[in-house]
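Undergrad: If you want the building blocks of each chain, they are given just below.
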Amino acid sequence: MLQNAIEVKNLHKAFGDLKAVDGVSFEVAQGEIFSLLGPNGAGKTTTISMLSCLLRPDEGDALVMGHSIKDDQMGVKSVLGVVPQEIALYNDLSARENLTFWGKMYGLRGPALRSRVDEVLEIIGLTERAKDRVGKYSGGMKRRVNIGVALLHKPQVIYMDEPTVGIDPQSRRNILDSVVALKNQGMTVLYTTHYMEEAQELSDHIAIMDIGKVIAYGTNAELVKIVGQMDRITLTINAESGRVLEAWKKVQGVKQVTAQDGTLTVLADDSNQVLPRLFETSALNGVRITTVAIQEPNLEAVFLHLTGKALRD
Amino acid sequence: MKILDIAFKDITRSFRSVFAVLFMFVIPLLITGMFYVMFGGMKGSDTGFSLPQTNIVIANLDKGGAGFDTVMSQFPADANIQSLGDMVVYVLQQDNLADLMKVTLLDSAEAARSAVDTQEAGVAVIIPADFSANYSNLNGQAVLEVYQDPTLTLGPAIVRSVLNQFMDGISGTKIAVNEAVTQTGSSDPAFIGQVVESFLTATARTRDPAALLKVSSPAATETEEIPFLLRVIGPVMGGMMVFYAFYTGTASAETLLQEDEMGTLPRLFTTPTTQATILGGKLLAVLLTVTIQVAVLLTLGALIFGIHWGSLSSVLLFAAGTVVLASAFGVFVNSLMKSTKQGGIVFGGVLTFSGMIGLMPVFMFGSPSTTFDTISLIVPQGWAARGLFQSMQGATTGNLLLTLLVMLIWATVFFGIGVWRFQKRYA
Chain Y
47 MLQNAIEVKN LHKAFGDLKA VDGVSFEVAQ GEIFSLLGPN GAGKTTTISM LSCLLRPDEG
107 DALVMGHSIK DDQMGVKSVL GVVPQEIALY NDLSARENLT FWGKMYGLRG PALRSRVDEV
167 LEIIGLTERA KDRVGKYSGG MKRRVNIGVA LLHKPQVIYM DEPTVGIDPQ SRRNILDSVV
227 ALKNQGMTVL YTTHYMEEAQ ELSDHIAIMD IGKVIAYGTN AELVKIVGQM DRITLTINAE
287 SGRVLEAWKK VQGVKQVTAQ DGTLTVLADD SNQVLPRLFE TSALNGVRIT TVAIQEPNLE
347 AVFLHLTGKA LRD
Chain W
238 MKILDIAFKD ITRSFRSVFA VLFMFVIPLL ITGMFYVMFG GMKGSDTGFS LPQTNIVIAN
298 LDKGGAGFDT VMSQFPADAN IQSLGDMVVY VLQQDNLADL MKVTLLDSAE AARSAVDTQE
358 AGVAVIIPAD FSANYSNLNG QAVLEVYQDP TLTLGPAIVR SVLNQFMDGI SGTKIAVNEA
418 VTQTGSSDPA FIGQVVESFL TATARTRDPA ALLKVSSPAA TETEEIPFLL RVIGPVMGGM
478 MVFYAFYTGT ASAETLLQED EMGTLPRLFT TPTTQATILG GKLLAVLLTV TIQVAVLLTL
538 GALIFGIHWG SLSSVLLFAA GTVVLASAFG VFVNSLMKST KQGGIVFGGV LTFSGMIGLM
598 PVFMFGSPST TFDTISLIVP QGWAARGLFQ SMQGATTGNL LLTLLVMLIW ATVFFGIGVW
658 RFQKRYA
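Chains Y and W, in that order, are what the protein sequence lines are. For the first sequence, position 229 (counting from the first letter as 1) is numbered 275 according to my numbering, and the numbering increases by one without interruption. For the second sequence, position 7 (counting from the first letter as 1) is numbered 244 according to my numbering, and the numbering increases by one without interruption.
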């Protein structure tokens with residue numbers, strides 16, 4: 047009995063001079079939700095593409111349910127369901143026709159296929175609209191069919207590449223719920239996202255990626271420990287950030303100050319003690335603080351701590 | 238099995254596209270239909286071209302003149318020709334002009350002009366009283382008056398052409414007589430009669446085009462029995478079919494690029510389906526789509542326009558060659574494209590331009606031109622058109638097989654390069 051559904055060993059992939067994936071390794075246990083968290087361009091999709099056998103790694107290998115992505119691609123594909131980042135469906139076919147076609151591509155035939163298509167339509171809540179062409183669906187409905195395709199052959203492992211990008215909150219909630227439901231059915235889910243909240247909510251384990259590398263790996267709690275119990279204070283001021291940046295770094299209790307897009311982020315041991323000092327220092331420099339937000343430690347803080355930049359688009 | 242699933246899916250998608258159906262079937266039929274309407278009526282009522290008959294009124298006021306015995310002898314006795322004016326009337330009343338003009342004789346110039354003014358006639362020919370006399374007089378000038386409806390063009394032009402020819406003839410006779418009289422100094426009517434007779438005998442052959450032109454035709458074939466309309470419409474319909482079959486081949490093969498951009502092709506590659514099966518299914522769809530298009534257009538061409546494409550075996554050979562070549566060409570062209578954004582250039586430029594070159598012989602309407610035929614063969618559409626003509630003209634199987642062989646060589650090269658490039662791209 048395999049313990050790990052996925053074992054990634056030192057994967058490398060370069061496009062010309064750009065190292066998209068640079069020595070990535072991690073393991074995903076069977077039946078867990080594992081998130082790859084990182085900003086756009088971190089190398090998440092390239093990693094998923096290699097694990098889906100769409101791209102051949104320059105170096106390294108990975109095993110998916112014991113099948114090598116280099117030497118046993120058909121074996122990998124047969125245990126795998128892939129939900130691509132972009133909706134990959136035929137708009138001029140109905141949901142049922144789409145599911146039937148993709149079911150055939152996964153080797154389903156006859157009554158088994160028809161029955162499974164009905165089941166999946168039920169799961170994604172589109173039985174009533176099964177005959178409508180996908181082109182007429184809303185973005186959220188298309189996302190659901192997009193996920194449904196990956197479920198047809200009851201895969202042991204599912205890759206979901208940023209499935210909530212560009213959809214409304216309700217559809218997003220549905221998708222997050224369905225990911226948990228898949229886990230509950232015993233499937234292993236490899237989930238990529240650049241939304242910290244999703245990774246935090248869903249994942250058993252998280253690998254944080256940046257510039258092609260895994261920079262942190264562990265459970266949510268383990269990762270948060272990296273930044274200790276520091277609070278994150280986000281502030282905006284009525285002047286250039288440079289006028290207070292250096293002064294704030296010298297304030298007692300402040301561990302880190304970064305500025306990005308007109309917003310200053312301060313990591314501090316205790317925001318209650320530090321905040322009055324920040325106001326005082328600002329006043330001395332002729333700068334007024336216009337907004338303040340305080341956050342408990344989270345993955346955003348971890349990413350900020352590790353890379354010195356915010357985890358956002 | 239998966240290969241058929243992929244092909245069936247692609248064909249379904251193609252035939253659900255209104256745009257594709259328009260280009261595959263409607264436009265070729267519509268263009269052919271336009272030619273059909275332009276060149277004649279519907280099947281079964283075809284009688285070829287006909288010009289409207291022109292009503293001509295002639296006021297022959299000619300009172301005759303001396304010395305016409307010899308000339309009169311050139312006309313049948315029952316024509317009862319007494320003057321040069323009678324000859325004009327006789328010429329215009331000939332049977333071979335009866336379809337083009339209806340001649341009515343009137344007594345006066347006024348009545349003739351009035352008939353034109355009231356549009357009862359299109360042309361009035363007024364032969365003056367001194368017409369023969371002026372002709373007989375060596376220093377005189379015989380003049381005809383033509384009075385025509387200014388709104389008409391073709392009918393009066395034909396009448397003028399006939400009269401000009403007649404006047405050229407009698408002018409030649411007069412010049413010959415003048416020359417003979419000047420050279421001999423004799424104005425003896427018997428001598429003049431001899432000169433006229435000699436001139437008419439010498440020029441008789443030139444008045445008959447058949448004597449100057451050797452007109453020959455190929456040995457009797459089925460095409461001789463095909464009306465003019467269908468001889469024009471057949472190649473037009475066939476040409477449209479070839480032209481749009483190449484469009485369909487290219488458009489169908491473009492689904493490879495479309496699916497790549499839509500993300501469905503990469504998704505297919507994540508399923509347990511081999512690359513060869515996926516590409517094979519896509520290419521099979523191209524082949525089947527073009528096959529359906531050609532089969533439907535051949536059938537509809539025969540049913541709607543009554544086109545005779547040739548014997549069954551030659552039609553099958555031509556159709557197979559066209560389908561394979563158009564499909565392979567589509568795969569090749571798409572393999573050169575980086576994305577569907579280049580489709581406009583390919584469809585608007587490459588396909589249209591090569592199609593126009595290849596189909597030049599079609600628009601010669603059966604007037605063979607070796608130069609155009611040769612130029613057309615530098616593009617694949619030219620070979621498909623050649624196969625079409627050979628089939629329609631009842632060429633031997635040997636000739637058709639030779640054309641088919643060349644088409645298959647083209648297709649093999651196109652297909653080979655196209656598949657190689659696609660495999661390399663998706664490796």
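Calculated directly from the structure, the hints in this document are not laboratory data. Here the structure is a predicted model, which means the values were calculated and not measured. Watch out, some of these pointers could steer you wrong.
For the chain Y half of the interface with chain W, some residues (derived, Cβ under 10 Å), not all of them [unchecked claim]:
id : residue
1  : G121
2  : V122
3  : V128
4  : L135
5  : Y136
6  : L139
7  : W148
8  : Q202
9  : Y205
10 : Q319
Keeping only pairs whose Cα atoms sit at most 27 Å apart, straight-line, the calculated DSS-like set for lysine-lysine is [as the list claims (entries may be wrong)]:
id : chain 1 : residue 1 : chain 2 : residue 2
11 : Y       : K229      : Y       : K55
12 : W       : K578      : Y       : K116
13 : Y       : K65       : W       : K575
Built from N, CA and C at the ideal position, the CB exists for glycine as well.
Undergrad: Can Q319(Y) be said to touch chain W, with a Cβ gap under 10 Å?
TA: At about 52 Å, which exceeds the 10 Å cut-off, the nearest Cβ of chain W leaves the hint on Q319(Y) violated.
Undergrad: CA of K229(Y) to CA of K55(Y), is that 27 Å or under?
TA: It holds: about 24 Å lies between the C-alpha atoms, which stays within 27 Å.
Undergrad: Holds or violated: Y205(Y) as interface residue toward chain W, Cβ cutoff 10 Å?
TA: 8 Å, holds
Undergrad: Under 10 Å, Cβ to Cβ, is where Y136(Y) needs to be relative to chain W, so tell me if that hint holds or is violated.
TA: Nearest chain W Cβ about 6 Å off; hint holds.
Undergrad: Can we keep the V122(Y) interface hint, with Cβ of chain W closer than 10 Å?
TA: 9 Å, holds
Undergrad: Have a go at the G121(Y) hint: is there a Cβ in chain W nearer than 10 Å to its own Cβ?
TA: 8 Å, holds
Undergrad: Given L135(Y) was flagged as interface, is its beta-carbon under 10 Å from a beta-carbon of chain W?
TA: 7 Å, holds
Undergrad: Does Q202(Y) hold up as a contact with chain W if the rule is Cβ-Cβ below 10 Å?
TA: 13 Å, violated
Undergrad: For the hint on L139(Y), does the least C-beta distance to chain W fall short of 10 Å?
TA: 7 Å, holds
Undergrad: Would you check whether W148(Y) satisfies its interface hint, that is, whether its CB is within less than 10 Å of any CB in chain W?
TA: Holds. Min distance 7 Å.
Undergrad: Compare the distance between the alpha carbons of K65(Y) and K575(W) with 27 Å, and conclude whether the hinted pair is satisfied.
TA: 24 Å, holds
Undergrad: With chain W as the partner, please determine if V128(Y) meets the hint condition of a C-beta pair closer than 10 Å.
TA: 4 Å, holds
The structure shown violates the earlier hints numbered 8, 10, 12.
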